[in-house]
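Asks: For reference, the chains in residue letters:
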Amino acid sequence: MNKTQNTFITPSEFTSLLIASFMGIGTLYLPNAVIKDAKQDGWMSCIIGSLYPLYTLFLANYTCNKFPNNDIFTLSEKCFGKILGSILNFIFTSFFIFIETTELAALSNTFKVYTTPFLKNYQIFLSVLTVTAYTVYKGMKPLGRLCKVLFYLTTMLIFVPIATLKYGSYLNLMPVFGSGFKNIIKASKETAFFYCGGEIAFVIYPFLQDKKKLLKYGIIGTVITTFIYAWSVFLTIYYLGIEISPKYLWPVLTLADSIQIPIINSFRYIFISLWALVVLKCLSVFYFSASYGLNRIIKKISPQTFTIILYPIILFLSSLYGTPTRRRHSTDIIMPIYLIYNLIYISSIAILISFKKGDNLEKK
Amino acid sequence: MGTKGELVENLEIPVGVGADIEKAPSYTTYIVPVLIHSSENGNKVVSNVLSGEGSTMGRTRENRQLKSGKKFLIGLNRVFILSEEASRNGLRNFLDINLNNADINDRAFCIVCRGKSEDILKYKVKGYPSSAEYIYGMIKNLNQFNFFSSQYTVMDLVVRVDAEGRNTLLPYIEITGNTGKGADNLIKTTGVAIFNRDKMIAKTDIKEAKVINLLKENNVKGILTLQRNSKKYADFYATSKRKVKCYRENGTYTFIINLDLKGNVLNNELNKNIYKNPKEMKMFEQDIEKLVVEMCNRTISQVKNKYKVDILDLGRVAAAKYGRETGTDWNEVISKSDIQVNVKVKVDTQGRGEY
Numbered sequence: 001m002n003k004t005q006n007t008f009i010t011p012s013e014f015t016s017l018l019i020a021s022f023m024g025i026g027t028l029y030l031p032n033a034v035i036k037d038a039k040q041d042g043w044m045s046c047i048i049g050s051l052y053p054l055y056t057l058f059l060a061n062y063t064c065n066k067f068p069n070n071d072i073f074t075l076s077e078k079c080f081g082k083i084l085g086s087i088l089n090f091i092f093t094s095f096f097i098f099i100e101t102t103e104l105a106a107l108s109n110t111f112k113v114y115t116t117p118f119l120k121n122y123q124i125f126l127s128v129l130t131v132t133a134y135t136v137y138k139g140m141k142p143l144g145r146l147c148k149v150l151f152y153l154t155t156m157l158i159f160v161p162i163a164t165l166k167y168g169s170y171l172n173l174m175p176v177f178g179s180g181f182k183n184i185i186k187a188s189k190e191t192a193f194f195y196c197g198g199e200i201a202f203v204i205y206p207f208l209q210d211k212k213k214l215l216k217y218g219i220i221g222t223v224i225t226t227f228i229y230a231w232s233v234f235l236t237i238y239y240l241g242i243e244i245s246p247k248y249l250w251p252v253l254t255l256a257d258s259i260q261i262p263i264i265n266s267f268r269y270i271f272i273s274l275w276a277l278v279v280l281k282c283l284s285v286f287y288f289s290a291s292y293g294l295n296r297i298i299k300k301i302s303p304q305t306f307t308i309i310l311y312p313i314i315l316f317l318s319s320l321y322g323t324p325t326r327r328r329h330s331t332d333i334i335m336p337i338y339l340i341y342n343l344i345y346i347s348s349i350a351i352l353i354s355f356k357k358g359d360n361l362e363k364k
Numbered sequence: 001m002g003t004k005g006e007l008v009e010n011l012e013i014p015v016g017v018g019a020d021i022e023k024a025p026s027y028t029t030y031i032v033p034v035l036i037h038s039s040e041n042g043n044k045v046v047s048n049v050l051s052g053e054g055s056t057m058g059r060t061r062e063n064r065q066l067k068s069g070k071k072f073l074i075g076l077n078r079v080f081i082l083s084e085e086a087s088r089n090g091l092r093n094f095l096d097i098n099l100n101n102a103d104i105n106d107r108a109f110c111i112v113c114r115g116k117s118e119d120i121l122k123y124k125v126k127g128y129p130s131s132a133e134y135i136y137g138m139i140k141n142l143n144q145f146n147f148f149s150s151q152y153t154v155m156d157l158v159v160r161v162d163a164e165g166r167n168t169l170l171p172y173i174e175i176t177g178n179t180g181k182g183a184d185n186l187i188k189t190t191g192v193a194i195f196n197r198d199k200m201i202a203k204t205d206i207k208e209a210k211v212i213n214l215l216k217e218n219n220v221k222g223i224l225t226l227q228r229n230s231k232k233y234a235d236f237y238a239t240s241k242r243k244v245k246c247y248r249e250n251g252t253y254t255f256i257i258n259l260d261l262k263g264n265v266l267n268n269e270l271n272k273n274i275y276k277n278p279k280e281m282k283m284f285e286q287d288i289e290k291l292v293v294e295m296c297n298r299t300i301s302q303v304k305n306k307y308k309v310d311i312l313d314l315g316r317v318a319a320a321k322y323g324r325e326t327g328t329d330w331n332e333v334i335s336k337s338d339i340q341v342n343v344k345v346k347v348d349t350q351g352r353g354e355y
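Taken in sequence, the protein lines are chains A and B. Residue numbering for the first sequence follows this note's numbering, starting at 1 and increasing by one per position. Residue numbering for the second sequence follows this note's numbering, starting at 1 and increasing by one per position.
If you are wondering where the hints come from, they were derived from the structure by calculation, not from laboratory data. Hints are supplied without guarantee of correctness; some may be wrong.
[To be verified] For lysine to any residue, the following SDA-like pairs were computed, each having C-alpha atoms within a straight-line distance of at most 20 Å:
#, chain 1, residue 1, chain 2, residue 2
1, B, Lys243, A, Ser169
2, B, Lys321, A, Lys247
3, B, Lys241, A, Tyr167
4, A, Lys247, B, Asp156
5, B, Lys243, A, Tyr167
6, B, Lys241, A, Ser169
7, B, Lys70, A, Phe118
8, B, Lys140, A, Pro262
9, B, Lys321, A, Leu173
10, B, Lys243, A, Met174
11, B, Lys221, A, Tyr167
12, A, Lys186, B, Gly323
13, A, Lys247, B, Asn101
14, B, Lys245, A, Ser169
15, B, Lys321, A, Phe118
16, A, Lys247, B, Asp198
17, A, Lys247, B, Lys221
With the sequences and hints as input, model every part of the structure.
Replies: Below is the structure:
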């Protein structure tokens with residue numbers, strides 16, 4: 001029992017945390033990833049791609065039902081032994097650090113083009129990371145509340161491009177199923193990066209007050225994310241078409257400009273500034289998972305100290321990425337390794353604990 | 001702009017940007033004249049044209065700064081005036097440099113002009129601070145008549161140039177003499193420029209442009225006239241809705257364009273009985289239908305034979321039904337296909353009465 005067990009998050013905060021971990025800067029260039037293979041049926045690939053987080057959630061639910069108070073770190077030590085378990089935990093935590101750095105670098109890339117071309121990389125990193133570190137320093141409960149509040153902002157922003165419905169044409173989306181089932185499935189593999197935050201469910205389920213609700217609220221979170229992704233891909237294809245969308249590095253930002261407000265010259269400035277808050281939410285969640293995870297491996301150092309320790313590490317790693325092309329390229333190489341590792345890791349833990357006796361939550 | 005921002009007095013605010021080109025056998029020079037407003041002595045706003053030349057579009061910027069007294073700012077212009085020569089050479093580099101810059105005003109209008117865009121930008125228009133504002137207003141209000149649409153912005157251009165089954169049409173302006181009156185020249189829209197992908201291939205006059213617009217655009221307004229002689233005519237101001245159906249048999253495509261015209265009769269010197277007798281009204285509607293079908297068929301055969309380009313955006317409908325990126329050249333396919341026009345006319349309102 002660690003003292004953080006005294007904090008509990010409500011189910012809706014859990015849902016918002018999940019959604020926060022899925023949606024970051026990636027939402028802005030998700031359409032390109034699916035249009036590449038599935039062409040005009042890209043929005044269907046988003047729906048099929050949601051199977052990956054759903055699978056993670058099911059495993060998390062199963063693990064939670066068996067061992068409601070032990071998160072994945074203690075379980076892995078139980079199953080694999082102390083040393084091997086710690087190593088595996090460490091690799092698992094490094095996954096969060098990796099996502100954190102790539103999101104931060106992506107945010108900096110977007111900002112330097114659209115809003116602040118006069119800022120250097122490290123200036124954006126420092127300011128964003130300080131805010132994020134402060135949020136994480138305060139602990140789980142403020143993080144949960146932050147995610148819940150900013151969720152409403154996310155929904156609002158996602159419905160901003162609705163004005164494109166007037167200008168686009170449904171012809172761009174046809175013929176439906178024209179690209180063939182095989183291509184649609186192929187494109188849904190590309191969505192794996194955008195759906196990759198589900199593992200935090202394993203880390204935070206001990207904080208959940210009512211463990212029985214994990215599956216229901218987790219699925220709600222995944223469904224909302226899937227809907228938002230499919231909606232943004234749908235609108236991008238509807239408005240820009242499959243030939244034009246790949247010409248943009250961030251096609252969704254072009255959609256945001258379709259709103260014509262008389263005094264404001266370009267709405268995309270406002271959109272990207274507000275979207276930065278959404279990305280901050282995502283960064284905080286991963287930063288928290290990373291520092292909390294490290295605390296569970298090395299119990300002597302508190303999560304707060306780890307927050308401070310990780311700060312320069314993340315700063316340094318984010319600066320290694322460079323331009324969007326190089327960043328996306330390196331992410332494309334490293335990501336599949338982590339994905340396969342995660343899948344094998346959580347699946348093997350689920351299988352191994354099925355042989356063990358659980359902490360019986362079943363007796364009421 | 002920098003962390004400190006910049007005083008407006010120190011900035012050159014471009015209102016209109018042109019694109020000219022000078023092609024010599026060994027090299028091509030891009031000329032980008034910019035019509036700028038700069039403040040002089042406080043509140044007075046002076047406009048003048050500053051031109052930059054270079055071997056690439058980007059170098060025109062550095063060349064222009066050498067001649068300028070203030071800092072150049074991108075993104076506040078309302079119009080892009082592309083000269084005919086530059087359009088015939090291809091708009092791809094113009095689109096590329098503009099798409100790349102996040103500050104560009106995506107809602108600036110793009111039009112093609114005859115001659116050099118520098119001349120259009122230098123032209124003084126009475127009652128407007130500069131010709132760019134006049135042109136912006138003109139293009140914005142073109143959609144009142146002649147079945148013009150209002151979608152001639154940079155964003156519309158970007159979306160149409162490389163899309164499968166779509167082709168661009170931009171308004172064509174020139175400085176012409178006002179027919180009849182004295183020596184007053186003015187800037188006038190004299191037709192449309194027809195593009196194949198990003199290269200302009202032809203220019204049509206207003207009469208043909210009107211019919212092309214009617215066949216191509218949806219939800220546009222214009223006047224149709226039944227004219228028997230100079231005294232007997234009837235004008236019908238219609239809003240047109242267009243639906244296209246596509247069929248394919250053995251590799252030849254058939255397109256059916258259904259036009260639904262609703263509007264009011266502006267004036268009627270032809271048949272005084274249409275307001276008294278519903279049957280006469282029906283005949284009037286049928287006459288207009290016949291007129292439109294005849295007009296359209298004439299233009300369609302000309303479009304197919306002369307331009308050989310899919311101007312009417314029919315390839316888009318075919319691609320939506322039969323598959324995209326199959327390698328079909330829609331220009332060729334449309335030129336060989338069978339295009340039919342069906343028209344339905346309905347007189348909506350009759351105005352106050354007739355004299």
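Asks: Run every hint past the structure and note whether it holds.
Replies: Right, here's what the structure says about each hint:
Our distance criterion of 20 Å between C-alpha atoms is met by Lys243 of chain B and Ser169 of chain A, whose separation comes to about 13 Å. The suggested pairing of Lys321 of chain B with Lys247 of chain A is violated, with an alpha-carbon distance near 24 Å, which exceeds 20 Å. About 15 Å separates the Cα atoms of Lys241 of chain B and Tyr167 of chain A, which keeps this hinted pair within 20 Å; it holds. For the proposed pair Lys247 of chain A and Asp156 of chain B, the alpha carbon gap of about 14 Å is at most 20 Å, so the pair holds.
Taken as a hint, the Lys243 of chain B and Tyr167 of chain A pair is honoured in the structure, with Cα atoms around 16 Å apart against an allowance of 20 Å. A hinted pair counts as satisfied when its Cα atoms are at most 20 Å apart, and Lys241 of chain B with Ser169 of chain A qualifies at roughly 15 Å. Of the pairs offered as hints, the one joining Lys70 of chain B and Phe118 of chain A holds, with about 19 Å between alpha carbons and a cut-off of 20 Å not exceeded. A hinted pair counts as satisfied when its Cα atoms are at most 20 Å apart, and Lys140 of chain B with Pro262 of chain A qualifies at roughly 15 Å.
Distance hint between Lys321 of chain B and Leu173 of chain A is fulfilled; the C-alpha atoms sit about 10 Å from each other, no more than 20 Å. Among the hinted pairs, Lys243 of chain B with Met174 of chain A is consistent with the structure: their alpha-carbon atoms are about 16 Å apart, no more than 20 Å. Proposed proximity of Lys221 of chain B and Tyr167 of chain A is supported: the alpha carbons are some 18 Å apart, at most 20 Å. For the suggested pair Lys186 of chain A and Gly323 of chain B, the alpha carbons sit about 19 Å apart, so the restraint of at most 20 Å is met.
For the proposed pair Lys247 of chain A and Asn101 of chain B, the alpha carbon gap of about 13 Å is at most 20 Å, so the pair holds. Our distance criterion of 20 Å between C-alpha atoms is met by Lys245 of chain B and Ser169 of chain A, whose separation comes to about 15 Å. For the proposed pair Lys321 of chain B and Phe118 of chain A, the alpha carbon gap of about 47 Å is over 20 Å, so the pair is violated. For the hint pairing Lys247 of chain A with Asp198 of chain B, the CA-to-CA distance comes to about 15 Å; that is within 20 Å, so the pair holds.
At most 20 Å may separate the alpha-carbon atoms for a hinted pair to count; Lys247 of chain A and Lys221 of chain B exceed this at roughly 33 Å.
Hints 2, 15, 17 from the earlier list are contradicted by this structure; the remaining hints agree with it.
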